Every structure is written in structure tokens, then in C-alpha cells.
Amino acid sequence: MQLSPALAIAAILVGGCSNAGAVEGPAAARPAQDRPAGAQRGGGAPYEIVGSQVWDVPDPASGRTYQVFVQLPPSYGREPGRRYPTLYVTDADYAFPIVRQVARRMNLDRPRVEEFILVGLSYAIGDDPVVSRTRDYTASPVNGGGGGAAYQAYLKTTVLPFVENRFRADPARRLLMGHSFGGLLGAQIMFSDPEMFSAYALGSPSLWHGKDAIFAAEAAYARTHQDLPARVYMYIGEDETPAPGRNQRYDMVGDNARFEQSLKARNYPGLTVTNEVLADEDHLSVAPRGFTHALTTLLPAR
1 MQLSPALAIA
11 AILVGGCSNA
21 GAVEGPAAAR
31 PAQDRPAGAQ
41 RGGGAPYEIV
51 GSQVWDVPDP
61 ASGRTYQVFV
71 QLPPSYGREP
81 GRRYPTLYVT
91 DADYAFPIVR
101 QVARRMNLDR
111 PRVEEFILVG
121 LSYAIGDDPV
131 VSRTRDYTAS
141 PVNGGGGGAA
151 YQAYLKTTVL
161 PFVENRFRAD
171 PARRLLMGHS
181 FGGLLGAQIM
191 FSDPEMFSAY
201 ALGSPSLWHG
211 KDAIFAAEAA
221 YARTHQDLPA
231 RVYMYIGEDE
241 TPAPGRNQRY
251 DMVGDNARFE
261 QSLKARNYPG
271 LTVTNEVLAD
281 EDHLSVAPRG
291 FTHALTTLLP
301 AR
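144 is the number that my numbering gives to position 144 of the sequence shown; each next residue is one higher, with no gaps.
The hints are simulated quantities; they were obtained by calculation from the structure and are not laboratory data. Mixed in with the good hints, there may be bad ones.
Within a straight-line C-alpha distance of at most 30 Å, the following computed DSSO-like cross-link-like pairs (lysine-lysine) qualify [claimed, not checked]: (1) Lys211 to Lys264; (2) Lys264 to Lys156; (3) Lys156 to Lys211.
Just so it is clear, the structure is predicted and the values come from calculations on it, not from any experiment.
Could you build all of it, start to finish, from the sequences and the hints given here?
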């Protein structure tokens, strides 16, 4: 995978984009066969994430094409009979390289995270990232949102089969990780089609969107179900609450606590919920730390 021009975290999670200034074109890159394993091409060529794959996966319903990033675990080639849990991450342009490196480094000194197939869910090709994620990750038709159900159908009918037909992914162990609107998407899927994934990392989820629509979805699910078989890890930055000097409109810390309490009050036998408030973090800083805790909570080494 060639890393696309970096999107600043504020652009990924809030709204703006940044582009690096133009420089002289790259010199002739060293051929792949002449490079040591893991070495970059040099000569001014773009930086690549070694060992990763990029696939264009069209959505036949919408006519859009999305890119899917894949990173296979270190033992994949050595253990041909093994099937792996699969972690799907939203906002892949930002989250995919971070989760990949966190998982790698966590296991340098001892096994701390189980090996998994990492799948990054990127944006619709040609769309502004903010437009794409707002439409696809939300269920309420507010400010460009409301396409969450259609995107969920695309994931279920197209992306999951695409991955599981090409790689040794265990369909019984699918996990979904998302931050902000991505976390909201995870909550929406959990209540509308709980069998799609077995575990969820809901990072700083935008539970406020659509005037608390997700709380109505939770209550509706509870009225017709006796169980919710899922492992849920939630994180939120301590500073994700309104205060002087903060660009924070909603009390997302309070929303997370309320959501946790609602889930636990149902006493679903198959549900486990962990919610962490991470000190000295806000909506734009908390994700890497939350990703790390999510991996050790949901995919601890066996």
C-alpha cells in the first residue's frame, strides 16, 4: 500500500483537509528486487506501508467504489491451516497505519495482542473524506448524514465476503473499531444486525448525532431481545466535555457513561462492556491510546 497524502487528524475526525506542497518529482526508484526486505524505494518515491494491500471494492447498490486496505499477520504465510480474527477499522486513511504499528510494537518483547488480519475501510473514491464518512457512518439524515444503513448493507453483502473469500479470516471472530462517527456506526450495527461482528471498539462515539437517536435504537432493541452477544470496549477522552477554552460542544463523557449504564442495566447474558475515560485527552488526541487499549482488551494474546 502506498500511503496517500497525509490527512491531518482534524481533517479525518472533524472536517478540514491538508495537502503537502509540491516538490520536485522523485528520482528513479530502486527496483524492488534490489531492495532489502522492508526497505523503502528511496529516490523521493512515496512512502509505502510494507506488506500491505489495497483493493478497490465497488458497491453495486450506490455505484461508488471504496478502497479496502489489508495487512496480514506475521505468521500468515507460515501457518496455512490457521484462521484469524479480523479487525475492521473505519477512517482507514488515519487508523490503519496506527493500528498496524501499535499491534506490531505491542508484541515486540512478549505476546500481548493476538495476531489478526487488519482491514481498513477507506472512503468512497472521489469523495471528500468528510462528506464520505458523514454520509456513510451515520443513520440520521442531518447535515449530510443518513447513509449508515446503506453503507452497513455494503459492508455485509460485499466487503465481508470479499475479505473472507480471499483470506483466512474467521467469520465467527469479526471485530469493528471506529472513532467518532466510526464509533457511532459500530453502535448502529450492534443494534440493527448484532451477528455481523462479535466485538466492537467504540471510540469517542458521536452518540449525540441525530438528537440521541442511538439511545432510541438501544431501547428499541431491548424491547424485542433478551440477549446481545457482543464484547464492547468504549473509550472517551477526559476533556470531551464542554468547558472554557475547549472546542467541545457536546458532553460526550456523559453520553458514554449513559450509554454504558443503559447497556449494563439490560443484564444481557452474552454482553460484556468496558468503558474507559482516558485522562488528559480530547477528541483529537485520544484515538491512538484508545486503539491500544482496545487491542489489549478485545484481542489479548492467547
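Tested hints:
1. For the hint linking Lys211 to Lys264, the alpha-carbon distance of about 22 Å falls within 30 Å, and the restraint holds.
2. A threshold of 30 Å between alpha carbons decides the hint, and for Lys264 with Lys156 the separation of about 27 Å falls inside it, so the pair holds.
3. Of the pairs offered as hints, the one joining Lys156 and Lys211 holds, with about 27 Å between alpha carbons and a cut-off of 30 Å not exceeded.
Of the numbered hints stated above, none is contradicted by the structure.
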